[in-house]
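**Student:** In case you want the letters, here they are:
2 protein chains.
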Amino acid sequence: MIIKKEIRVIGFDDGPFAHKAGKRSEKAQVLVVGVILRAKEYLDGVLSTYVDLDGLDATDKIIRLVNKSKHFDQLRVILFNGLAVAGFNLIDIHKVSTETGKAVIAVTSKKPDRERFIEALKNLDRYEERRDIVGRAGDVKNIEVRGKKMYFQYAGTTENEAMTILTKASYRSATPEAIRIAHIIASGIVDGESRGRP
Amino acid sequence: MIIKKEIRVIGFDDGPFAHKAGKRSEKAQVLVVGVILRAKEYLDGVLSTYVDLDGLDATDKIIRLVNKSKHFDQLRVILFNGLAVAGFNLIDIHKVSTETGKAVIAVTSKKPDRERFIEALKNLDRYEERRDIVGRAGDVKNIEVRGKKMYFQYAGTTENEAMTILTKASYRSATPEAIRIAHIIASGIVDGESRGRP
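Here the protein sequences line up with chains A and B, keeping their order.
Take the first sequence: its letters are residues 1 to 198, numbered as in the working numbering.
Take the second sequence: its letters are residues 1 to 198, numbered as in the working numbering.
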């Protein structure tokens, strides 16, 4: 695809959870926020939903949110802060891409430790399903943007296109701007004030 | 005060309420979101609180939110979308300015009809208190920005400074950018998708 300077992306991140109660509750609902940015940094829209802490409902809920959005036609790319939200609520990036028709990239600034991650999944229900989602996401690639590495997996696009998208979407730091803002919003809503970095 | 190009402002707006239930519930809690913008449009932080629909707790809750914010020292200006949030939960702009030490501006793109507004207050409890808050806010001034009028009241600053602040804060439309974004976030969180204009 042709990647215009003004490409419209949505970036998702989740809010904090259970930090006040001091322990994880399996029934906790976690806020997930999507921020739609146009033309560099013009904030065009905000989507939100709640998903189960350590559940497996995030993929379908996010697909529905994107597909019913009034911004659907203009959206080109869906960005996630890693492969999971709300603890281990895994995002099946290939399913998201297939069912929305958009390019999907899961990106982090820390190198994912896949073995340790899969080991942690063993403590949860539906382990095989979770492991397969991680497996399907493919190898972790990396790119250097402004001297900092970003680690990513992608679906519905090519590695080269994903690198171009990440470079354009991350013009301030090694975090795509839409994810940075989604993080600020989600924590600002849940805690009353935004905190830290995604 | 010297108004730098990079002046840091916080703009507040409220989320939708009671539209699903179809009627106003006096006990409803309404989300209020504050967006901190730096250097034109760099989103630095998000604050949030809940206030009573048609209550009178917004002024104190917002003062507390601003005063305990980690962005407090950098903030210069507090912007409101009119004199009320959550229905008729009035903002005492002079009290906000006195207790935060910041310039405060309540701004709308529609000309406020003060007589009709005060008439509507008569249907609520603590009428005199509400009327006095509106009275204390002072005359409504106006300014034309990019061919569109903005109507405003101010505290802790001068009319001229307020006009300079509004012009700098509203570089895209006749709504200050921080208020525009606060509106998108508040409705995106409450409804799942942002809608309309502030």
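Everything labelled a hint here was simulated from the structure, so no lab data went into it.
Be aware that one or more of the hints could be misleading.
When chains are identical, the list treats them as one kind, so a pair holds in a single copy or across two.
[Unchecked claim] With a Cα cut of at most 30 Å, we get these calculated DSS-like pairs of lysine-lysine:
id, residue 1, residue 2
1, Lys168, Lys122
2, Lys70, Lys148
3, Lys70, Lys141
4, Lys68, Lys148
5, Lys70, Lys122
6, Lys148, Lys168
7, Lys149, Lys68
8, Lys111, Lys68
9, Lys122, Lys95
10, Lys111, Lys61
11, Lys149, Lys70
12, Lys122, Lys68
13, Lys70, Lys110
14, Lys122, Lys111
**Student:** Now look at each hint and say whether the structure bears it out.
**Tutor:** Structure-based check of all given hints:
In the homo-oligomer, the alpha carbons of lysine 168 and lysine 122 never lie at most 30 Å apart, since the shortest distance is 37 Å inside one protomer and 54 Å across protomers. Taking the shortest alpha-carbon separations for lysine 70 and lysine 148, only the inter-copy value of 27 Å comes in at or below 30 Å, while the best intra-copy value is 34 Å. Within a single copy, lysine 70 and lysine 141 get their C-alpha atoms no closer than 32 Å, and across copies no closer than 36 Å, so neither meets the 30 Å cut-off. Taking the closest pair of Cα atoms, lysine 68 and lysine 148 never come within 30 Å of each other, the shortest separation being 35 Å inside a single copy and 33 Å across copies.
For the identical chains of this complex, lysine 70 and lysine 122 are neighbours neither inside a copy (39 Å) nor across copies (39 Å), given an alpha-carbon limit of 30 Å. In this assembly of identical chains, lysine 148 and lysine 168 lie within 30 Å of each other by CA distance solely inside one copy; the values are 14 Å within and 33 Å between copies. Proximity of lysine 149 and lysine 68 under a CA criterion of 30 Å is satisfied in neither setting, with 34 Å inside one chain copy and 35 Å between copies. Proximity of lysine 111 and lysine 68 under a CA criterion of 30 Å is satisfied in neither setting, with 33 Å inside one chain copy and 35 Å between copies.
Within a single copy, lysine 122 and lysine 95 get their C-alpha atoms as close as 22 Å, which meets the 30 Å cut-off; across copies the closest is 55 Å, which misses it. When the C-alpha separation of lysine 111 and lysine 61 is checked against a cutoff of 30 Å, the pair qualifies only within one copy, where the shortest distance is 27 Å, while the shortest distance between copies is 41 Å. Taking identical chains as interchangeable, the C-alpha atoms of lysine 149 and lysine 70 lie at most 30 Å apart only when they sit on different chains, with a minimum of 29 Å there against 34 Å within one chain. Taking the shortest Cα distances, lysine 122 and lysine 68 never come within 30 Å of each other, neither inside one copy (34 Å) nor across copies (41 Å).
Within a single copy, lysine 70 and lysine 110 get their C-alpha atoms only as close as 33 Å, which misses the 30 Å cut-off; across copies the closest is 26 Å, which meets it. Proximity of lysine 122 and lysine 111 under a CA criterion of 30 Å is satisfied intra-copy only: 21 Å inside one chain copy versus 61 Å between copies.
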